[in-house]
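Novice: Starting from the two chains in their separate frames, assemble the complex, guided by the hints.
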Amino acid sequence: GQQVMQIPQYQHVQEGEDFTTYCNSSTTLSNIQWYKQRPGGHPVFLIQLVKSGEVKKQKRLTFQFGEAKKNSSLHITATQTTDVGTYFCAGLNYGGSQGNLIFGKGTKLSVKP
Amino acid sequence: DGGITQSPKYLFRKEGQNVTLSCEQNLNHDAMYWYRQDPGQGLRLIYYSQIVNDFQKGDIAEGYSVSREKKESFPLTVTSAQKNPTAFYLCASSINGGQGNQPQHFGDGTRLSIL
Chain A
1 GQQVMQIPQY QHVQEGEDFT TYCNSSTTLS NIQWYKQRPG GHPVFLIQLV
51 KSGEVKKQKR LTFQFGEAKK NSSLHITATQ TTDVGTYFCA GLNYGGSQGN
101 LIFGKGTKLS VKP
Chain B
114 DGGITQSPKY LFRKEGQNVT LSCEQNLNHD AMYWYRQDPG QGLRLIYYSQ
164 IVNDFQKGDI AEGYSVSREK KESFPLTVTS AQKNPTAFYL CASSINGGQG
214 NQPQHFGDGT RLSIL
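Sequences listed follow chains A and B, in order.
Using my numbering, the letters of the first sequence correspond one by one to residues 1 to 113.
Using my numbering, the letters of the second sequence correspond one by one to residues 114 to 228.
Only chain B is shown next, with the shape it has when bound in the complex (with noise of 0.2 Å):
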């Protein structure tokens, strides 16, 4: 089945500890996103790809940092200067981020806990 794919479904980090959540797509799509959702705040965007090799920074970036090496594969690393890391975060991918016509397709999450 064509999907996205995000690894571990919970994650438990220790204090000053760097943690990488894994996503992958089979979809063939250029364009891949990292949100995070917080009760009652809705979806915030982190990073976005619209092509391999690049990506931009959302509308909370700090304390983040991504890559995109291949076109199936988007990780995104929590560092320790992100001082509130506890969130559900949300991989998701579309067929082209240039003209912001398609449908963003989601993973199942990742739970990301303090320990």
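The shape of chain A in the complex, shown without the other chains (with noise of 0.2 Å):
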């Protein structure tokens, strides 16, 4: 079945340093979605990503597309305290459901002031 993986699992930086979560998946893309899950706290949807090679940034935080839509990046840069939390990203299989959104295990990132 669908996979989507992500990388790295953990991720522990300095405050101020940059940060990539990678996620991959076993097949095309039709978009792919980004959620930030505080410590205690549940998901919250940042951004969608549809087109094939879409970059969208919000302030610090830039997400890639990639080309063949299977892969995605988010890059935050000059992290702060405020980003610490677990970061998903969910797939979309052509012709799915919603009920099909394929998460990956996430990437829980701790910044160190």
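Incorrect hints may have been included.
Distance condition first, Cα-Cα at most 25 Å in a straight line; then the derived PhoX-like pairs of lysine-lysine [said to hold, decoys possible]: (1) A/LYS108 <-> A/LYS70; (2) B/LYS122 <-> A/LYS105; (3) B/LYS196 <-> A/LYS105; (4) B/LYS122 <-> A/LYS36; (5) A/LYS51 <-> A/LYS36; (6) B/LYS122 <-> A/LYS108.
Bear in mind the hints are in silico, worked out from the structure with no lab data behind them.
Specialist: What follows is the structure, given as structure tokens:
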């Protein structure tokens, strides 16, 4: 079945350093969504990418969807302690309903002040 | 405020007991979902419903049951057949589930433990 692999599983950075998490799918995706879950909280939708090669920015966060629509990345510039949490990607197969949204296992980010 | 309400926040179950987790939304969303989250496992889909009176099994439906009698409500029952029910359960909703292009909104979750 379809799998969405996310790496790294954990990332520890010093405040001010950059951070990147990568998401790779075994099949071509219709779109990909990114979520952030703070410690003790619930996932919160960040963004959705739909087009091949798409790049979107939200302040210090840059999201990218690969040309083949099989991979995606989230890059955070100059991390802050407020960035702490687990970042999940979630991919949808072509022709799939929302029930086929497959979540990666997440990358847990910790930021040392 | 519009949102998704899950209750209770913490739930304890005895061996052989069924328990029901509540999920209510006032976002007027058509689609609702139940996920299970275990440490290091991400989110795994248990059941989802795209419309009232209809629901579909997800990847790990065994030992669980749901109903969707009202648009606002999607309760999840963890039955005694679920041998490893200890987990964090998340309910979510989206405007619709048909095209898969909608963000999902999550509740605060219910943490279920076995006594």
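Novice: The structure should be examined with respect to each hint, and the outcome stated for every one.
Specialist: Hint-by-hint comparison with the structure:
1. This hinted pair checks out: A/LYS108 and A/LYS70 have alpha carbons roughly 22 Å apart, not beyond 25 Å.
2. Between the alpha carbons of B/LYS122 and A/LYS105 the distance comes to roughly 23 Å, so the proposed pair stays at or under 25 Å and holds.
3. At most 25 Å may separate the alpha-carbon atoms for a hinted pair to count; B/LYS196 and A/LYS105 meet this at roughly 22 Å.
4. The suggested pairing of B/LYS122 with A/LYS36 holds, with an alpha-carbon distance near 20 Å, which does not exceed 25 Å.
5. The hinted pair formed by A/LYS51 and A/LYS36 meets the criterion: a straight-line CA distance of about 21 Å does not exceed 25 Å.
6. For the suggested pair B/LYS122 and A/LYS108, the alpha carbons sit about 23 Å apart, so the restraint of at most 25 Å is met.
Violated hints: none; the structure is consistent with every hint.
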